[in-house]
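Undergrad: Each chain, letter by letter, is given below.
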Amino acid sequence: MLAPLYWMVVGSIKDTPGLFAVPPQLIPLHPTLNSYKLLMQRAIPIWIVNTAIVAVSGTVMSVVICMAAGWAFAFYRFPGQKIIYLLLLVGMMIPRQMLIIPVFIEIRKLGLVDTYLGAALPLVYNPLGIMFAANWLKSLSKSHIDDARLLGARWWNLMHHVLLPMSAPVIGVIILTTGGAALSDFMWQSLVLQTEWKWTFQLGMMNRMQIVDLGFDVGWGRVHGQSLRMAGAILLLFPVTIVGLLSQRKFVDNVMKGVSE
Amino acid sequence: MKKLAPYVLLAPAVVSSLMMAVLPVVNVGRLSLFQSDYLTEKWVGLRNYKVIFSDQAFLSSLVNSMVYAGAFAMGGVVIALVLTLYSYDLPKRWKNGLRMAAYLPTIAAGIIISQVWLWVFHPSGGLANWLLSLFHLAPVRWFSARGTALAVVFIAISLSIPGTGYILFMGAASSISVEVLDAARVDGASRNQVRWWIVTPSIMWIVLLQCLFSLLGGLQVWEFVYALTNGGPARSTESMMYYVYAAGLLRGQYGIASAGSVVLLSIGLLGAALIKRIKGA
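Note that the protein sequences, when read in sequence, are chains S and Z. Start counting the first sequence at 1; every next residue gets the next number (the working numbering). Start counting the second sequence at 1; every next residue gets the next number (the working numbering).
Just chain Z, same shape as in the assembly (with noise of 0.2 Å):
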């Protein structure tokens, strides 16, 4: 009995992995080669990928989650970086401030932050279209064009996320090694030059990191593009993830939706594999 003790103890743990990780997977591989609804399910091979490589609307999803990528990794690393920059030699207690205040709006649900944005764009009412009008410029629809509504996405996205960045940043920043910064001082480095010419390389990998992950990040937009456009106008800004629910979830061609997200998948775990590669080396 006591050689037992171990396994039963996991026993829990592998079923949980096993329901929500492993089978999933395989799941996911073996639902996209069927062209399946809720009762039936029909071998179709690979048919289901030449359609969806073949529907617009997931190549315009594509773009998209690049897009919303690019969102990561502007709120992500950019203003996560300026932030760090300009911050890291601040006295502690600012610093500590400051990393709570850069933190709050991350751990905010995607869906909540999204109200703020709704109503910051609401065509009349909102703080967007008044700005506008402070330049004497023509209010904007902005949730009505596929190219304004990406833009709401891209602020509110970039806005929303440099708090785990900015913390990882200056957690890196502050164990740069003292006599580094101060020899530079000595030598008659200005503040920028400081700046930018060695607190950036030093901290260089967890920037690249960062940057990995935001991309990875970028893939799984789905509540942002729920809250705040819903995929449209007529679906031109779902992301991938909302593709693969709408296929999935919404209309039920889970053979569809499956193949979507082996797409998905594959691109995630190549990033996670790049991602690997370098905290290795």
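In isolation and in its complexed conformation, chain S is listed as follows (with noise of 0.2 Å):
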């Protein structure tokens, strides 16, 4: 399973010759990180940039959402509460991509095509995220705030000093999955994203690989289109990767108790 990985390291950093050689040559025999240097030089700058802009403008909204949410069902009472909770659920039962279509229709109503808006829109919705708010908070000791209170705090330190710190593991969940959404989503980007320098790292790579089937020459060296590939596929990883990563422990924790339950 890792095979697969670690062919894609080594043919990030071989050379030419080497890419295509047989037997194929399982440790390069003269590296390079030319294609690591190109690909810097030529369109990720921009790429990295757009990724970040939808990734972290739809993540920050999605903490805003779910957080406002988890309050609500956590500190009041009101009616309606059981109804809308399903309501704002039922997104789980559904596989999102299914529902492109419609979305995709919505979205060019509201004239959002080609736009970062429309790109990090549906990645807002997070009902794992609401989920865990709702139940995170409730589960916070309501004396901690009432105390707060009593020493004389208004609601925006309250904010601050007791309620953001406590839900740090929440609000961290909810970036991992929105984030971990906004970078490893393809299909959405690609139909929203039209205009070519507003491209989102996954996008620029898929979409220009199509023309570096022959080599390049760039002046320190030639450069293959299927190194370059593979040094564009490790690079997007990377901050996949991260993610995941940073997710792992809590992820497990969190879906054995969802599993439990």
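It is worth saying that the hints were derived from the structure and are not from the lab. Every value quoted in this text rests on a predicted model; they were computed, and no experiment measured them. Be a bit skeptical, because a hint or two may be false.
Stated by the list, open to error - Using 20 Å as the maximum straight-line C-alpha spacing, the simulated PhoX-like pairs for lysine-lysine come out as follows:
| id | chain 1 | residue 1 | chain 2 | residue 2 |
| --- | --- | --- | --- | --- |
| 1 | S | Lys82 | Z | Lys42 |
| 2 | Z | Lys3 | S | Lys109 |
| 3 | S | Lys138 | S | Lys82 |
| 4 | Z | Lys42 | S | Lys138 |
Stated by the list, open to error - Here are a few chain Z residues that face chain S, going by a calculated C-beta distance under 7 Å:
| id | residue |
| --- | --- |
| 5 | Ala13 |
| 6 | Ser87 |
| 7 | Ala101 |
From the three backbone atoms N, C-alpha and C, an ideal C-beta is built for every residue, glycine too.
Assemble the dimeric complex from its two separately framed chains, guided by the hints.
TA: Pasting the structure below:
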């Protein structure tokens, strides 16, 4: 299972003759970082910026929305509570990809095609995050908040010094799930972001890969398309991997918790 | 004003849920009854469903989706289970390392991992054909025929996804009570006997759950198909999700695509209901 990843790394640092050598070199004989150099020089900076814009804006909105919803469920009693809760979580049963057509039509009607907002908006709905936020905030001892109130804190201070620090794990989960989705999403972003300078990283890599089947001579050596592809894939893996690794422990705990319920 | 507070807090979440989950489902159902393209709409009742069920491409996408679901089951259940059975009793540090190693490929998006497989199955420079040549077999043009192309996607999927299943199973295996395992050992059971006759049945319900998850996952396969074969050759490797994508977003036949989505969603909801049943039991 790790073999493909290893092959990717190896491929990204191989020189051109080594890429297609027969028998294949399991360890590159003349490793080179030319592919990475070329990618960093050409289009990557724009792609990274775009990806950051989409991912960060989506994640921030998602955190705000989920925490607000969680707060409402945790600290208020109001009519319609159960129905609204179900309404919010209904999306968990439905795989998002299957709804891509109607969502696209909606976004188009809102005039948000080819905008960063349009790319980020679907990510904002994170039913898992809502569920975690609601449960977590409920379990937070209300006495902490009352104590702070007694000491004269007003709600702004309350937020900052009590609530947010204590909610770090949930905010973390929301960041990881929404952010992870933003970084690994391809289908939606390829639909929405149409002008090339708006492409995110994964769009750029996929769409520009087609042209690089021939070798490139770039001054400091030849770079072959295949190696570029691998290098790009590895670079794309970095943020996704970090997000994934960070979430691994939390993910496992929460999955087990969810399974046992 | 205070009374409205919760509703204000909930408003954005509700709007997002309506926009991204509720309304789309309703719209998909509605659109499936119309012949629709970018601008116009025309009521056609159930004709779209008749069209897709007589479309060869749709029917073969059904078959393909089953193949891909099988790949998900192969990787997510079989491989994960085997890995679990042979590593559940390793020392903790090994287990942590293995967990990370197994999980890493799953977080890489399908399109990224597919790049490697595209290279491995490259007709002239790829690893797969080189392996074949070691056995004096002729190189295969993997992407030129339906069977081999399906095989490529199958392999790519099943080797990329055992991670989540592995973590689930390992978690379940670690909660088997030590007494049971000790008793087995005292009774003289060999390591293999413990594996197959004690560990496996103990985690069976989670294995079943994972089976269902895998089947549902197989329904959603899109990225692997897009990256590896683009549905080719001649639309023969399309998954159901890809069929919907191609009909709606490549060809603008929203009505037909919605009909396909409804079929997909129904199967998915059926599976989800089954999962709920099993979890409850």
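Undergrad: Hint by hint, say whether it matches the structure.
TA: Here is what the structure says about each hint:
1. Lys82(S) / Lys42(Z): 38 Å, violated
2. Lys3(Z) / Lys109(S): Given that 20 Å is the threshold and the Cα spacing comes to 34 Å, the pair is violated.
3. Lys138(S) / Lys82(S): At roughly 15 Å apart (the allowed maximum being 20 Å), Lys82(S) and Lys138(S) satisfy the hint.
4. Lys42(Z) / Lys138(S): Roughly 49 Å between the alpha carbons, so the hint for Lys42(Z) and Lys138(S) is violated.
5. Ala13: OK, holds: Ala13(Z) within 7 Å of chain S, min 4 Å.
6. Ser87: Violated - the Cβ of Ser87(Z) stays beyond 7 Å from chain S, reaching only about 13 Å at its closest.
7. Ala101: Status holds, d = 6 Å.
Hints 1, 2, 4, 6 from the list above are not met by this structure, while the remaining hints are.
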